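Peer 1: Join the two chains into one complex using the hints; note that each chain is given alone, in its own frame.
Chains as they are written, first to last, in my numbering: chain W, 4 to 118; chain G, 6 to 571.
Just so you know, these hints were derived from the structure itself, not from any lab. Quick caveat, the model's predicted, so the values are computed rather than measured. Just so it is clear, CB atoms sit at the ideal spot from N, CA and C, and this is done for glycine as well. Don't take each hint at face value.
[Claimed, not checked] To give an idea of the interface, some chain W residues facing chain G are shown, with a C-beta separation under 8 angstroms as derived from the structure:
{"hint": "1", "residue": "Lys52"}
{"hint": "2", "residue": "Leu53"}
{"hint": "3", "residue": "Ala56"}
{"hint": "4", "residue": "Ser59"}
{"hint": "5", "residue": "Pro64"}
{"hint": "6", "residue": "Pro82"}
{"hint": "7", "residue": "Asp83"}
Here is what each chain is made of, one letter per residue.
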Amino acid sequence: MLKIANFTLVLATLGTASVLYSHEHATRGSERELAREKAAIVDSAEAIKLLKAEWSSLTRPERIQFLAQSQLGMQPISPDQFVTEAELAARLDALTTSSTSAPVNPIDDVLKKMQ
Amino acid sequence: MMDIPTISITERKRGLRGQNRIRLLGLVFTLGFAVIGLQLVRLTVLKPEDGEAKRIAASIERIPRPDITDRNGTVLATDVSVASLFADPRKILDIEEAVELITSSLHDVDAKELYKKLTQPGRAFVWIKRQVSPEERDVVYNLGIPGVGYVNERKRVYPQGRLAAHTVGYVDVDTKGIAGIEKFLDAEGAIYTASLADPGKPLSAPAQLAMDVRVQHALVDEISKAIVKFKAIAGGGIVMDIETGEIIALVSLPDFNPNAESKLITKDQQNRMLSGVYELGSVIKAVTFAMAFDYGVINMNSKYDARFPLVIGNARINDFHAQRRVLTVPEIFTNSSNIGTAKMALDVGIENHQEFLGRVGLLDRLLTEVPESAKPILPKKWGKLVSATAAFGHGFAVQPLQGLSVVAGILNEGKMVPPTFMRRSKEEADVLGKQIVKPTVAANMRELFRLNATDGSAGKANVPGYRVGGKTGTAEKVVNRRYSKDHRLASFIGAFPMDKPRYALLVMLDEPKPTPETYGFATSGWNAVPTAGLIIERIAPMLGVTPVFTEKDREALAKRAKAKKG
Chain W
4 MLKIANFTLV LATLGTASVL YSHEHATRGS ERELAREKAA IVDSAEAIKL
54 LKAEWSSLTR PERIQFLAQS QLGMQPISPD QFVTEAELAA RLDALTTSST
104 SAPVNPIDDV LKKMQ
Chain G
6 MMDIPTISIT ERKRGLRGQN RIRLLGLVFT LGFAVIGLQL VRLTVLKPED
56 GEAKRIAASI ERIPRPDITD RNGTVLATDV SVASLFADPR KILDIEEAVE
106 LITSSLHDVD AKELYKKLTQ PGRAFVWIKR QVSPEERDVV YNLGIPGVGY
156 VNERKRVYPQ GRLAAHTVGY VDVDTKGIAG IEKFLDAEGA IYTASLADPG
206 KPLSAPAQLA MDVRVQHALV DEISKAIVKF KAIAGGGIVM DIETGEIIAL
256 VSLPDFNPNA ESKLITKDQQ NRMLSGVYEL GSVIKAVTFA MAFDYGVINM
306 NSKYDARFPL VIGNARINDF HAQRRVLTVP EIFTNSSNIG TAKMALDVGI
356 ENHQEFLGRV GLLDRLLTEV PESAKPILPK KWGKLVSATA AFGHGFAVQP
406 LQGLSVVAGI LNEGKMVPPT FMRRSKEEAD VLGKQIVKPT VAANMRELFR
456 LNATDGSAGK ANVPGYRVGG KTGTAEKVVN RRYSKDHRLA SFIGAFPMDK
506 PRYALLVMLD EPKPTPETYG FATSGWNAVP TAGLIIERIA PMLGVTPVFT
556 EKDREALAKR AKAKKG
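Just chain G, with the same shape it has in the complex (with noise of 0.2 angstroms):
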């Protein structure tokens, strides 16, 4: 009994110090607790910071290609999900097997060269086939041979098939842009093409270009005829809006088939319109008619002798429609005379024609969105004879789009507007555009190239209504380091409707024939203006631009309805 007290105290110090400590324990355990439940209720009650989880998806995302599409919104490309086949080849038991599996199912697969690739030491993937059909996926599939597999990867199509082959441009099979507005989207185009993309979205916008389907097939349907018709070689032809210098169109054939398997550009089939350079000839007059005007040498009622031919050292430069008179200045445009052309060029001076060249572009390469692009072969040295033919044409060779953006550059109060295939608007055109040439210049050549469509060599492009102006130019191309009196390149730049001018044309045929409707001319008046003519009774209604009547048009209207009937 003695010892019960001494007991009791220390055994209950011990109970009261085990009490202290289940009571700590308790506490740690509730705090425990209480920190995982408010935990709780932060992630699951209470929202989570906004933003964070957007911002992890979208670099996850890889940015998606754009689809590519008209002005209109009509698709020009665009990706689809195809089924690609894989290999692991370490995962396989018996290779021999399966690749006679494989090759029995897919019958234009080489077995040697599988096996040679499924046996490479090391080796933990290979394709077996790219871009199958769903048929073949399921096929090979359902061999059910381990290590074989496939994956979703996305293949780039191309709607319209040819029809804008040469803008549109194509992929490689691992939807890399090769050529075309597609190559532009994955180089210089980069921000552009992101700036498309939704962010936290697998999808893009389309980009958007300045094209027009229906006009380009218009112009394609008129050229790839014309071709035919007239046993040309080549041909190609471009539609821009002066205003924007949007490129509603450009064709250039023979052309190829972006959907092909293989895609072996052949020179032929090069986008002739930039990155072939020519020698355009008398539509380059047109040229010197504004320099001459810019550089006040001349007005409309200035005079030039054409009754002999201009002798510039060994050379002499003499006329294709000689008049041998003197020519007025409209006369000289119409008449196309070299003479005239020539002796203009020679009063401006060589340096001030050097000085204008280069104002308007013609002295260096045109950049566009199509990386495509060719340098315009320049005489080596300037001296007289080079300023007296370069004036007419000759001597130096441009991208025709740069022929045709000068011209429109000169016809939109002489203000040029650099061309564009993707969608611009009026302001931005406004601000980018350069005035090369005085408005009462621009004016004045307005009026030259509505009088030679209406009394000059592009009568046949004068569709009643549509008030077309325009210029031609048969330039004899260089066979064997020698011009060819055989070999032409007939080509016209116009515009209409002449009153404001909005939409420019060149049209451009390489080596016609002539032919029994020609009487036998291979000369432009008779195979590019006409079809000049025939493109755009077709594309100003597209356009939006409404016929008005003279007089004469009635006349011109009443005489073609009756041929038609008779």
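Isolated chain W (complex conformation) (with noise of 0.2 angstroms):
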């Protein structure tokens, strides 16, 4: 009787002692993991902190203004450049007229031509 108490208890030991140590190998694998995942996060945060700042130096306004008059040709926007919606429709008449002196739409002329 208590020689198969005993076994039990011992085949119980064993049993348990495994899992544990399973399971301890597990969470350290996990810990492992957290910590590669962790370092991970801090290392993008890094980077997006120096892709910001390097965003921000390439975005200098005087840098934009070089490359916007040498490669574009802008110029600083002029206060007659703004249309409010009333005028909008006197400003595009104006717009239209002045480039009548060429050919609007060329397949309309020539079917006039096919006629």
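Peer 2: The structure is reproduced here in structure tokens:
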């Protein structure tokens, strides 16, 4: 009786020990993974900071102004470039009438000739 | 056989006693294991009490230095990680050899100095070089000298470079704030800095400035062009939100590079807008006018005799553009008559004049978040003459920002909001605002400012559509204790759009010279004012001010377009 009880207890001890060991092993693994991920987060955060700083440096208004003027021929906005909705129709008319000298729709011209 | 029962009895008793002992021992062990088991369950299965772990983590982490951004989130200052090389001299086997190896790979490290540092007795930690590049770090680390290592340190960088140098300031090699907002974050603003930190995380929300880098750049660009064009020795400018007191841009030229290794800021590179005091000259007349209106001494139809110079004791006050006639209040403003303004101040009275200057804060040092600030220079005794000259901005010197904030306050329905470099909401500003003059005074002043831009000395700043108003000032500088006719300080203080003033602008040029384009003039109207015009034309669209045109504006625009084509 006592022998059986002892035997089962020994078995139980071995069993729990192996379970405990496997859990501990898994935990160690998870911990390592967690540390890796945390380090990766820190690295990424650092990289984001650096990239933000670089972005800020590359979009310096001074640099953008130089590029816009030298590469795109842009100019600072003049007050007369602002047009209200009410004025829009008049402004558009002025633009279209000034460009009527060139054929507006070449297909129409071709069709007319064909008739 | 006789012995057996006796033995058996004693043995039995002994056996029983032994069994009891075993049971007792078993019980003790069971209890012990039960305690361990329960503790295991509590620590692993059940969740640990919340907060405990966090508290410990928070106390270990140092509060990180927040980034500094402009009002739109553009990064102005941030930390990046860099390596710093150090050595433990006790662990180095051959110091001479180590010095030779290190200096052969780091060329800017002085061998003698390093040797001296490493041979100091009793030192366990010596910096070899702070903030090295990754390549330098690897080279030295791969030398494999025992006792030489590196740690990652934070380095402060300013991606926008010089652009906002005076406002942002800079830090020393230990990332301790030395100037500007950087200093504020460590000193007076420490509570604010702590409030940005996220508890339990090594992160901080950025400190957001009121500055807009686009406006700042436009201001820098135009003022540096003006300095070249008019051969001035220095210049500066401020753009301020009248309603909230936020400083949207602040420029002082010459400036400095905050990313430079050694920051030896000369006196010339100081922030003239805060740590310099100037006699602002005629722009101060606006303050005198507001005072006279507020005390009820004048109204828009009052007249003053400006036919003869004003004589007080031995001094004669004269006009620069002498009209030699009786002038109305608007005429005194647009002609910038010293005589008229001085008479106004005398009518208000010396004591009231002093009281008013105190009320608007021109007699005290103006304090903002940026720690560099200068005390005003005031006359020791206030007499009749002092009051008369102070009326047109002579005899007392203040920070340029002070002058602008008073004008901004007058134009903001008489409610002066203390200027700030940090973001501020309208609600916060309303609480901080102080009524310095009556709203009716503000209406009169708006009219005068606008009139001076349409018909007066500030005409060249009147950009069509943006309803600019302003006052000019040309002060003679004191050279060798005397006012010099050839050394001038030209300034412009204005605001737009004048129907509901929102943005105030100050432009200052130090010693502009006459040029052929200005027909030999070097007064404010020919240099500071057109510069202000160019600035307003560039920044008004950025600030969301839409132009409204009158017939006159359209004519001016058509003329400009023609001039461009031709």
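Peer 1: So, as I understand it, the hint says W:Lys52 touches chain G; can you test that by seeing if any CB pair is closer than 8 angstroms?
Peer 2: 6 angstroms, holds
Peer 1: Tell me if the interface restraint on W:Ala56 is satisfied: Cβ within less than 8 angstroms of some Cβ in chain G.
Peer 2: Hint on W:Ala56: holds, closest Cβ of chain G at ~5 angstroms, below 8 angstroms.
Peer 1: Once the shortest beta carbon distance from W:Leu53 to chain G is found, is it less than 8 angstroms?
Peer 2: 6 angstroms, holds
Peer 1: Using Cβ atoms only, decide whether W:Asp83 comes closer than 8 angstroms to chain G, and label the hint accordingly.
Peer 2: Status holds, d = 5 angstroms.
Peer 1: Measuring from the C-beta of W:Ser59 to each C-beta in chain G, is the shortest one below 8 angstroms?
Peer 2: Hint on W:Ser59: holds, closest Cβ of chain G at ~4 angstroms, below 8 angstroms.
Peer 1: Return the status of the interface hint for W:Pro82: holds when the least beta-carbon distance to chain G is below 8 angstroms, violated otherwise.
Peer 2: 4 angstroms, holds
Peer 1: So, W:Pro64 near chain G? Judge it on the closest CB pair being under 8 angstroms.
Peer 2: OK, holds: W:Pro64 within 8 angstroms of chain G, min 3 angstroms.
Of the numbered hints listed earlier, not one is contradicted by the structure.
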